[in-house]
Every structure is written in C-alpha cells, then in structure tokens.
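> Residue numbers for the sequence shown follow my numbering, so the first one is 2 and each next one is one higher.
Some clues are possibly wrong.
[Unchecked claim] The list that follows gives simulated cross-link-like pairs (lysine-lysine, DSBU-like), each with its CA atoms no further than 35 Å apart:
id	residue 1	residue 2
1	K148	K186
2	K360	K305
3	K283	K356
4	K360	K233
5	K233	K267
Simulated from the structure, these hints should not be mistaken for lab results. Bear in mind that the values here come from a model prediction, so they are computed numbers and not experimental data.
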Amino acid sequence: MTAPSNVDPATGHSGSDVVHWLLNETRDQRFIDNLFAELCVRLQRAGIPVKRASLHLLIQHPQWLGARVLWVNGMQEATITRVDYDVQQRPEYIGSPVAELQGGAIEVRENLERDPAQGRQHGVYRELRAQGLTDYVAWPMLHTLGKRHAVAFSTNRPGGFEDSHIAFLRNLLPLLALVSEIRMKNRLARTLLETYVGSHAGEMILAGATRRGSGTTVHAAIVICDLRDFTKISDNWPRDDVIDLLNDYFDALSEPILRHGGEILKFMGDGLLAIFPLSEPKACANLLHAVTEARQALAALNDKNSLAGGAPLRYGIGVHVGDVMYGNIGSRSRLDFTVIGPAVNMASRLEALTKQLGKPVLLSRAFADLVSGEFKLEHVGEHQVRGFAEPIELFAFHG
Numbered sequence: 002m003t004a005p006s007n008v009d010p011a012t013g014h015s016g017s018d019v020v021h022w023l024l025n026e027t028r029d030q031r032f033i034d035n036l037f038a039e040l041c042v043r044l045q046r047a048g049i050p051v052k053r054a055s056l057h058l059l060i061q062h063p064q065w066l067g068a069r070v071l072w073v074n075g076m077q078e079a080t081i082t083r084v085d086y087d088v089q090q091r092p093e094y095i096g097s098p099v100a101e102l103q104g105g106a107i108e109v110r111e112n113l114e115r116d117p118a119q120g121r122q123h124g125v126y127r128e129l130r131a132q133g134l135t136d137y138v139a140w141p142m143l144h145t146l147g148k149r150h151a152v153a154f155s156t157n158r159p160g161g162f163e164d165s166h167i168a169f170l171r172n173l174l175p176l177l178a179l180v181s182e183i184r185m186k187n188r189l190a191r192t193l194l195e196t197y198v199g200s201h202a203g204e205m206i207l208a209g210a211t212r213r214g215s216g217t218t219v220h221a222a223i224v225i226c227d228l229r230d231f232t233k234i235s236d237n238w239p240r241d242d243v244i245d246l247l248n249d250y251f252d253a254l255s256e257p258i259l260r261h262g263g264e265i266l267k268f269m270g271d272g273l274l275a276i277f278p279l280s281e282p283k284a285c286a287n288l289l290h291a292v293t294e295a296r297q298a299l300a301a302l303n304d305k306n307s308l309a310g311g312a313p314l315r316y317g318i319g320v321h322v323g324d325v326m327y328g329n330i331g332s333r334s335r336l337d338f339t340v341i342g343p344a345v346n347m348a349s350r351l352e353a354l355t356k357q358l359g360k361p362v363l364l365s366r367a368f369a370d371l372v373s374g375e376f377k378l379e380h381v382g383e384h385q386v387r388g389f390a391e392p393i394e395l396f397a398f399h400g
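Let's have the full structure, built from the sequences with the hints guiding it.
Below, the structure written as structure tokens:
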C-alpha cells in the first residue's frame with residue numbers, strides 16, 4: 002500500500018500506522034461510527050490533511066434506506082443521520098456525489114477553490130465551500146455481493162490534497178471496506194433479529210440461545226390482541242388496501258407497547274402477542290398505559306378510515322399474568338422464539354371472550370389484583386373459559 006510522502010513531525014506517525022491499526026487493533030471496536038472517527042484522527046496524525054469525512058451506507062432496515070456517518074475536524078465522535086427511503090427523489094440526493102457513485106462513477110473529485118460556475122452544481126459543494134474546504138474526493142466502497150456504499154474526504158489545505166494523499170486514501174479503500182462490512186453485517190444481524198423477533202429475543206439469540214428447546218421461564222404479563230371480521234375485510238378489500246390497513250393497525254398497537262417497555266413476540270395474521278416481564282416493577286401498569294394509548298390510536302385510525310368511507314375496525318384484547326416458557330420451539334431446522342404455557346392460553350381465551358361479552362379489553366383477576374387501586378376496572382363476574390376447569394373472574398378495562 003502506498004504511504005503518504007510526509008510523516009507528521011509532531012507525532013512521528015505514518016500511513017503504515019493507520020494500516021496496522023485497521024488490520025490489528027480494531028477487532029474490539031463494535032461500531033462503525035466510532036471506528037470511522039478514530040480513523041480520521043489517525044489519518045491526520047499520519048499527515049493526511051483530512052478536515053471532513055463521511056460514510057454513506059445502504060442498510061437493510063424497515064424504516065430507513067441508509068445512514069450517513071459524518072466526521073468533522075475536532076470531533077471525537079462521528080454523528081449518524083438516518084436516510085429515508087424517499088431520499089432518491091429529493092434535491093439533496095439528485096445530482097449529489099453519492100448519486101453519481103451509486104450510478105456507477107468510480108471517483109468524484111471536486112476542486113472547491115475554483116470558480117463555482119465552472120464546477121459541479123449541487124448544494125453539498127456550496128456547503129463545503131462555505132466551511133472553507135478546498136478539495137473533495139469520494140469513492141464507492143464495495144462490499145460483497147455487489148453492495149455499493151460511498152466514502153468521501155475533504156480538506157482545507159491550500160491547493161487541496163496532494164497526489165500522495167489521494168493515492169494513500171484510494172489504496173486504503175479495500176481495507177476500510179473490509180472492516181466496515183464486518184461491522185455492518187453485525188449490525189444487520191442485530192437489526193434483522195430486532196425486526197423479526199424483538200429486541201430482547203434478538204439479544205438472546207445473538208448470545209447463543211439457538212438450540213431447540215433452550216429457553217427460560219419468565220414471569221410476565223401477557224397481552225393478545227385480535228382484529229374482528231378480518232376474513233371479511235381481506236375477502237372484499239383490494240390486496241394493497243388490506244396490507245395498508247394491517248400496517249396502520251399494527252402501528253397503532255405496537256408503538257405504545259414498545260414505548261412502555263413491552264416486547265412484541267409475534268404478529269399472527271391479524272393478531273399480536275406481547276409480554277411485559279414482571280422484572281420491571283411497573284410492568285402491569287405500563288401494559289395498561291400502552292393499551293390506553295393503543296385504543297386512542299385505533300380510534301384516530303377509525304376516524305381517518307371513516308372519512309374514506311371505511312368501516313370501523315373492531316378488536317379484542319385479552320390480558321393475563323403468569324409464568325411462560327420463553328425460548329426456541331420448532332423443527333430441527335426451523336425454530337420460532339416465542340412464549341408458551343397456560344398463561345398464554347388464558348390470555349388467548351380472554352381475547353376470544355371479548356366478542357361474547359361485548360367488552361373490547363378483558364383482564365383476568367390475577368392481573369387485576371396487581372393494578373388494583375391504580376386503574377378503574379369494571380367487574381364482569383365469573384365466566385367459563387374454554388380449556389380451563391374452573392370459571393375465571395374477569396374485569397373490563399375501558400382506558
């Protein structure tokens with residue numbers, strides 16, 4: 002690898018120090034933003050006059066297309082900005098260096114000292130000139146399977162980067178791509194697990210809980226919600242409208258649950274299963290606060306749908322508390338990380354009873370006892386629950 006021609010006289014560091022550090026001393030650094038910030042500082046110590054640098058990463062996330070990691074001279078930590086999926090239709094992307102690189106360019110170089118009228122016309126170059134920067138260079142950063150990201154460096158050195166600086170940075174790209182891909186794969190694995198099984202279950206799986214039958218007993222409050230008349234809706238509505246409706250419905254339920262410390266374990270067609278572990282002292286109260294906010298969100302969704310001529314969504318919510326087995330269940334090659342046990346069955350049965358009793362939210366006596374005095378509950382008597390020998394005392398919650 003070509004080293005820069007100059008060695009920083011104050012520190013004695015050279016480009017080979019940067020290469021050695023990337024190869025041998027970054028294995029314990031989990032996060033790409035921290036690694037990138039330290040890289041930029043080490044480049045400066047090695048005599049590369051970097052004053053601003055950025056990584057532009059495409060990520061597999063349900064909400065975000067990508068992220069920008071930005072370092073500016075003097076910063077000990079880089080900043081991360083998430084990028085929406087619709088960015089490619091916005092002026093900040095169209096005609097930008099990143100757009101050029103994603104379009105196939107192998108390098109974008111801009112002399113920021115020359116007359117702006119003679120250079121590329123984009124807001125990012127005006128921003129860089131306003132910051133006193135003199136030169137800008139960006140390259141694609143290539144990961145496996147054709148994944149294409151971007152990295153950019155700027156300087157305020159009069160005359161811009163020297164040829165040796167550019168050569169060193171260009172030659173550093175394969176190594177930066179390697180160490181960045183490792184961090185991105187780790188983050189991707191975590192993101193996918195959080196997306197599909199939840200944050201707590203994802204942590205357990207990453208920690209090694211992948212053997213069939215492995216798990217633990219958790220004392221938790223369980224909430225199960227189900228949408229009424231979904232078969233009729235799915236049979237009569239256009240497919241895309243059904244998907245949009247379900248997404249809005251699950252947003253209304255999920256966001257309050259997550260905000261109040263619950264863990265969503267499963268979406269079951271038009272149903273949802275979540276738990277609030279009782280290791281959190283206020284778990285049961287948090288569950289009811291989440292139910293209250295979810296019902297308010299569902300009411301707002303119904304108001305919006307009614308303006309479009311849609312029928313109101315009706316639902317049932319069953320809540321119970323007890324010990325659940327939390328872990329891996331399934332076939333040898335296909336596992337599901339979920340909860341099972343009589344307490345889960347009871348919550349499911351209570352959800353089914355909401356339709357029969359005309360009460361959208363039903364709580365078991367065992368759960369109600371844990372929130373008595375904090376919330377107004379309606380006693381609805383004892384009722385036979387399918388699969389359980391003794392009648393169960395129930396309470397309705399109106400939020």
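> Does each hint fit the structure? Answer for all of them.
Hints versus structure:
At most 35 Å may separate the alpha-carbon atoms for a hinted pair to count; K148 and K186 meet this at roughly 12 Å. A threshold of 35 Å between alpha carbons decides the hint, and for K360 with K305 the separation of about 23 Å falls inside it, so the pair holds. Distance restraint check for K283 and K356: the Cα-Cα separation of roughly 29 Å lies within the 35 Å cut-off, and the hinted pair is therefore satisfied. As the CA atoms of K360 and K233 are separated by approximately 21 Å, the hinted pair is consistent with the 35 Å bound.
Pair hint K233 plus K267 holds up; C-alpha atoms about 22 Å apart against a cutoff of 35 Å.
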